[in-house]
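Below are the chains, spelled out letter by letter.
Number of protein chains: 2
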Amino acid sequence: MKFCSECAHPVTVAIPEGDNRPRYVCTSCGAIHYQNPKMVIGSIPVWEGDAMRGGELKVLLCKRAIEPRYGYWTLPAGFMENEETTSEAALRETEEEAGANVELGNLFTLLNVAHVHQVHLFYLATLRDLDFAPGIESLDVQLFTEREIPWDELAFPTIRTTLELFFADRRRMREGGGYGFHTRDITRPMQAPVEPD
Amino acid sequence: MKFCSECAHPVTVAIPEGDNRPRYVCTSCGAIHYQNPKMVIGSIPVWEGDAMRGGELKVLLCKRAIEPRYGYWTLPAGFMENEETTSEAALRETEEEAGANVELGNLFTLLNVAHVHQVHLFYLATLRDLDFAPGIESLDVQLFTEREIPWDELAFPTIRTTLELFFADRRRMREGGGYGFHTRDITRPMQAPVEPD
Chain A
70 MKFCSECAHP VTVAIPEGDN RPRYVCTSCG AIHYQNPKMV IGSIPVWEGD AMRGGELKVL
130 LCKRAIEPRY GYWTLPAGFM ENEETTSEAA LRETEEEAGA NVELGNLFTL LNVAHVHQVH
190 LFYLATLRDL DFAPGIESLD VQLFTEREIP WDELAFPTIR TTLELFFADR RRMREGGGYG
250 FHTRDITRPM QAPVEPD
Chain B
70 MKFCSECAHP VTVAIPEGDN RPRYVCTSCG AIHYQNPKMV IGSIPVWEGD AMRGGELKVL
130 LCKRAIEPRY GYWTLPAGFM ENEETTSEAA LRETEEEAGA NVELGNLFTL LNVAHVHQVH
190 LFYLATLRDL DFAPGIESLD VQLFTEREIP WDELAFPTIR TTLELFFADR RRMREGGGYG
250 FHTRDITRPM QAPVEPD
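In order, the protein sequences belong to chains A and B.
For the first sequence, the numbering used here gives the first residue as 70, with consecutive numbering after it.
For the second sequence, the numbering used here gives the first residue as 70, with consecutive numbering after it.
Hints were generated in silico from the structure; no laboratory data involved.
Don't take each hint at face value.
Since copy identity is lost for identical chains, a pair holds within one copy or between any two.
What the hints assert, rightly or not - List of simulated lysine to aspartate or glutamate pairs, EDC-like, C-alpha gap at most 16 Å:
1. K71 with E165
2. K107 with E153
3. K71 with E164
4. K132 with E206
5. K107 with E164
6. K107 with E150
7. K71 with E222
8. K107 with E152
9. K132 with D221
10. K132 with D209
Predicted, not measured: the structure shown is a model, and the values here were computed from it.
Generate coordinates for the entire structure from the input sequences, incorporating the hints supplied.
See the structure below:
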């Protein structure tokens with residue numbers, strides 16, 4: 070931020086009276102321009118159709134057609150917009166990026182990514198049909214079993230964490246558990262895969 | 070927003086290429102100024118000391134010294150800042166507004182307030198001691214039993230909803246339940262109290 074968005078005067082960085090941290094302030098009109106974290110919201114679209122016929126559950130991933138992380142795989146997700154709720158944002162992003170028609174379940178993960186000023190939320194979701202197709206921000210959309218997921222080509226640490234927690238809860242469900250709600254703090258970039266001995 | 074914060078040129082409202090909703094855009098430097106929801110984060114600071122001696126559990130509330138809702142009661146809460154996690158924000162606001170030293174528990178509520186572009190989160194919290202005191206944004210800080218809470222003088226619908234859900238879970242705990250995690254959409258302003266017949 071270089072100029073005041075209310076009066077076009079150059080902004081200064083200063084601690085306003087009664088505050089305790091530096092803000093962009095306008096010495097001309099007095100406006101204080103607060104900067105706050107943004108929410109990124111998505112879903113974990115699951116296809117259980119095959120599972121019912123003895124096959125494995127599959128998760129829908131999108132191959133990114135935009136930077137950052139062009140060409141890497143992600144769950145459908147994006148920035149929450151004004152005037153919508155978190156679940157409306159999850160449904161919208163799932164439709165926009167994967168063309169997918171889902172029934173939304175409970176909130177599954179809340180992941181702090183403080184170093185990029187973001188909070189990521191992912192909802193459980195069940196695909197109603199297989200009529201999905203890449204939106205303009207996706208190169209491809211595909212269903213993957215746990216083993217098929219391109220674990221080394223995932224776009225963001227929050228995607229990997231959410232998928233790991235999801236499959237861990239699925240394994241626990243065999244002993245009668247259900248899906249939990251999980252919060253995690255992501256404090257560093259995704260680590261490179263460790264080479265096998 | 071009237072002027073571009075990058076180049077000071079007046080902004081226009083237009084739908085950028087590849088987008089589907091109106092944004093503040095700069096026709097001079099090309100910047101798109103996205104507006105996104107903000108997170109308000111707080112805690113439910115609980116004193117169980119008396120409960121252990123047969124008394125009732127109490128919740129710490131702050132009387133607001135700032136607008137909006139000056140003079141009304143609230144749980145300690147405020148806007149999340151960049152570079153912090155949601156739980157760090159809850160601890161900071163509890164310290165700043167109530168001078169309270171708490172041990173933070175799990176996330177308890179996520180409340181969408183879409184018409185004001187906000188998402189409110191409240192964490193469970195246990196007071197470590199009774200050395201609390203109003204911060205500069207509070208006129209007063211007091212402990213209340215469920216019956217003592219000034220239900221008609223609460224600052225915001227999300228405060229009422231969080232307190233109602235909290236005491237409902239407490240009642241359920243007598244039958245062996247625990248605290249849940251609750252999501253709600255707040256779609257209208259707090260209703261006026263109904264006069265008794």
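Taking the hints in turn, this is what the structure says about them:
no.	hint	result
1	K71 with E165	neither (33 Å within a copy, 30 Å between copies)
2	K107 with E153	both (14 Å within a copy, 12 Å between copies)
3	K71 with E164	neither (36 Å within a copy, 32 Å between copies)
4	K132 with E206	within (9 Å within a copy, 47 Å between copies)
5	K107 with E164	neither (21 Å within a copy, 23 Å between copies)
6	K107 with E150	both (10 Å within a copy, 10 Å between copies)
7	K71 with E222	neither (37 Å within a copy, 42 Å between copies)
8	K107 with E152	both (14 Å within a copy, 11 Å between copies)
9	K132 with D221	within (13 Å within a copy, 51 Å between copies)
10	K132 with D209	within (5 Å within a copy, 53 Å between copies)
In terms of the numbered hints stated before, the structure departs from hints 1, 3, 5 and 7, listed from lowest to highest.
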